[in-house]
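Construct all of the structure, not just a fragment, from the sequences and the given hints.
Single-letter residue listing:
Number of protein chains: 2
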Amino acid sequence: MNAITQHRSVRKYSQKPVSDELLNQVLHAGTRASTTGNMQVYSMVVTRDTEVKEQLAPSHFNQPMVKEAPVVITFCADFNRFNKWCLQRDAEPGYDNFLSFMTAAIDALLVAQNVCIAAEDNKLGICYLGTTTYMADKIIDTLNLPAGVVPVTTVTLGYPAEEPPLTDRLPMEAVVHYEKYKEYTSEDIDRLYAEKEGLEENLQFVKENNKTSLAQVFTDVRYKKADNLQFSGNLLKVLEKQGFMNQ
Amino acid sequence: MNAITQHRSVRKYSQKPVSDELLNQVLHAGTRASTTGNMQVYSMVVTRDTEVKEQLAPSHFNQPMVKEAPVVITFCADFNRFNKWCLQRDAEPGYDNFLSFMTAAIDALLVAQNVCIAAEDNKLGICYLGTTTYMADKIIDTLNLPAGVVPVTTVTLGYPAEEPPLTDRLPMEAVVHYEKYKEYTSEDIDRLYAEKEGLEENLQFVKENNKTSLAQVFTDVRYKKADNLQFSGNLLKVLEKQGFMNQ
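Sequence lines, in order, name chains A and B. Read in this note's numbering, the first sequence has 241 at position 241, and its numbers run on one by one without any break. Read in this note's numbering, the second sequence has 2 at position 2, and its numbers run on one by one without any break.
Calculated from the structure, these hints are not laboratory results. Since we're looking at a predicted model, the values are computed, not measured. Be aware that a few hints might be false.
Which residues of chain A face chain B? A partial, calculated answer using Cβ under 7 Å [said to hold, decoys possible]: (1) Val18; (2) Leu22; (3) Thr31; (4) Arg32; (5) Ser34; (6) Asn62; (7) Gln63; (8) Thr185.
Simulated crosslink set (BS3-like; lysine-lysine; CA at most 25 Å straight-line) [said to hold, decoys possible]: (9) Lys207(A) x Lys241(A); (10) Lys237(B) x Lys182(A); (11) Lys211(B) x Lys241(A); (12) Lys207(A) x Lys196(A); (13) Lys180(B) x Lys12(B); (14) Lys180(B) x Lys123(B); (15) Lys16(A) x Lys123(A); (16) Lys138(B) x Lys123(B); (17) Lys67(A) x Lys12(B); (18) Lys182(B) x Lys237(A); (19) Lys224(B) x Lys196(B); (20) Lys12(B) x Lys237(A); (21) Lys207(A) x Lys182(A); (22) Lys207(B) x Lys225(B); (23) Lys182(A) x Lys67(B); (24) Lys241(A) x Lys180(B); (25) Lys241(B) x Lys224(A); (26) Lys225(B) x Lys180(A); (27) Lys196(A) x Lys211(A); (28) Lys67(B) x Lys138(A); (29) Lys196(B) x Lys182(A); (30) Lys237(A) x Lys225(B); (31) Lys225(B) x Lys241(A); (32) Lys211(B) x Lys225(B); (33) Lys207(B) x Lys138(A); (34) Lys211(B) x Lys180(A).
Computed footprint of chain A on chain B, listed as stretches where at least three residues anywhere in the stretch have a Cβ under 8 Å from a Cβ of chain A [unchecked claim]: (35) 57 to 70; (36) 210 to 223.
A virtual CB, placed ideally from N, CA and C, is assigned to each residue, including glycine.
This is the structure:
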């Protein structure tokens, strides 16, 4: 539980190497996650080689932790292995569609979170890279991912060289609904975001970016519509190319 | 770590109620998960009312644990709350696209796995319901999910009334690749699936279903192409209707 409640994203890593034994233990924790039908339709690509990390870095907007972390793990939705098994066993796989992609992506993400918690429970630090879905096409090229395989998230991992504070969260009532979904009134929104908007670092963030609200920092600077649309088009093309959009 | 490595899906629950305090603790663990930009674009809908559980049951193919588990949690990709916040703060949200759906789905899934591990660490049992993505349209109706919200997975939760054995997993080398993806040879596939195919329960499964291979039980009985295609169409329509396919 402590590993979960004390989670912070770690972006600076010490040079202390992660032993094979510890890495295996953490990866093994990943494999114990629930997967649909116990099909295990995911893969973990573990990158430690400096050269391969350098090849991956541009796909993650050159965030320094990709090169600096001793271990980079790319979690992939993977029906390739399962499809090959089916074909070798006189079985016709029907997993070239969007539902199957979602099934495999869900597998990969539950595995990723197991790996992260196991890592943190062993004093390692982790950071998720959301860039994976933005640049899936480039990552596919770099890691030689065949048809049936799509990267969905990436985690950097190593011993922490920083101890960042816990980050803020919305109040529980913002994210939990009882029985059915309760739509938010404008008063609810004001109340639920008040603490976040009032944090010194966020006020500073608004000022630095010459905006009038924190929300504008998200919409106009960090996660812009034009970028989202471009990455959406890329990602849908990737699903098509990797064989998940057949009808 | 024990909660992770000892995970088994629990489908039979005792009548012992889950206290509000414990439930809150488990949900709080969910909120500590990493989310993209700390946007927390997910919601957890916690259903305990018998009548609402009965309404949800058909969407989960009437699997008995939906009615029998004391708690059912539907984890949703949710940009609705964030969009409302943006609009109230003179910010134009650009999150009506496929990338934003994936971002929110990833948030929801990491939160779900935190909840499950925290639950298991507190002696509760959990089971994931893969049916959520199959029947998202029905779940949206039942739980009154507005535009911007799509259910991605569901977990049933309660004190276990069974202690199932650990289920099998493929060998680590089946799911872990080093540096880059290593394509499987036909010999690899034979070796990696040999143990799974040789398990007494799986041999029995093949026999009961009058099949010649375990793979055929998946392709012809459990996860059939025709069903997958139908559910894919439904799910893409749901994404469109909930406002995640604008271009």
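We went through each hint and held it up to the structure:
{"no.": "1", "hint": "Val18", "verdict": "13 Å, violated"}
{"no.": "2", "hint": "Leu22", "verdict": "12 Å, violated"}
{"no.": "3", "hint": "Thr31", "verdict": "5 Å, holds"}
{"no.": "4", "hint": "Arg32", "verdict": "5 Å, holds"}
{"no.": "5", "hint": "Ser34", "verdict": "5 Å, holds"}
{"no.": "6", "hint": "Asn62", "verdict": "18 Å, violated"}
{"no.": "7", "hint": "Gln63", "verdict": "13 Å, violated"}
{"no.": "8", "hint": "Thr185", "verdict": "9 Å, violated"}
{"no.": "9", "hint": "Lys207(A) x Lys241(A)", "verdict": "43 Å, violated"}
{"no.": "10", "hint": "Lys237(B) x Lys182(A)", "verdict": "23 Å, holds"}
{"no.": "11", "hint": "Lys211(B) x Lys241(A)", "verdict": "32 Å, violated"}
{"no.": "12", "hint": "Lys207(A) x Lys196(A)", "verdict": "15 Å, holds"}
{"no.": "13", "hint": "Lys180(B) x Lys12(B)", "verdict": "41 Å, violated"}
{"no.": "14", "hint": "Lys180(B) x Lys123(B)", "verdict": "39 Å, violated"}
{"no.": "15", "hint": "Lys16(A) x Lys123(A)", "verdict": "12 Å, holds"}
{"no.": "16", "hint": "Lys138(B) x Lys123(B)", "verdict": "32 Å, violated"}
{"no.": "17", "hint": "Lys67(A) x Lys12(B)", "verdict": "47 Å, violated"}
{"no.": "18", "hint": "Lys182(B) x Lys237(A)", "verdict": "23 Å, holds"}
{"no.": "19", "hint": "Lys224(B) x Lys196(B)", "verdict": "20 Å, holds"}
{"no.": "20", "hint": "Lys12(B) x Lys237(A)", "verdict": "42 Å, violated"}
{"no.": "21", "hint": "Lys207(A) x Lys182(A)", "verdict": "33 Å, violated"}
{"no.": "22", "hint": "Lys207(B) x Lys225(B)", "verdict": "22 Å, holds"}
{"no.": "23", "hint": "Lys182(A) x Lys67(B)", "verdict": "22 Å, holds"}
{"no.": "24", "hint": "Lys241(A) x Lys180(B)", "verdict": "19 Å, holds"}
{"no.": "25", "hint": "Lys241(B) x Lys224(A)", "verdict": "22 Å, holds"}
{"no.": "26", "hint": "Lys225(B) x Lys180(A)", "verdict": "32 Å, violated"}
{"no.": "27", "hint": "Lys196(A) x Lys211(A)", "verdict": "16 Å, holds"}
{"no.": "28", "hint": "Lys67(B) x Lys138(A)", "verdict": "45 Å, violated"}
{"no.": "29", "hint": "Lys196(B) x Lys182(A)", "verdict": "45 Å, violated"}
{"no.": "30", "hint": "Lys237(A) x Lys225(B)", "verdict": "22 Å, holds"}
{"no.": "31", "hint": "Lys225(B) x Lys241(A)", "verdict": "19 Å, holds"}
{"no.": "32", "hint": "Lys211(B) x Lys225(B)", "verdict": "17 Å, holds"}
{"no.": "33", "hint": "Lys207(B) x Lys138(A)", "verdict": "44 Å, violated"}
{"no.": "34", "hint": "Lys211(B) x Lys180(A)", "verdict": "42 Å, violated"}
{"no.": "35", "hint": "57 to 70", "verdict": "violated (count 0)"}
{"no.": "36", "hint": "210 to 223", "verdict": "holds (count 10)"}
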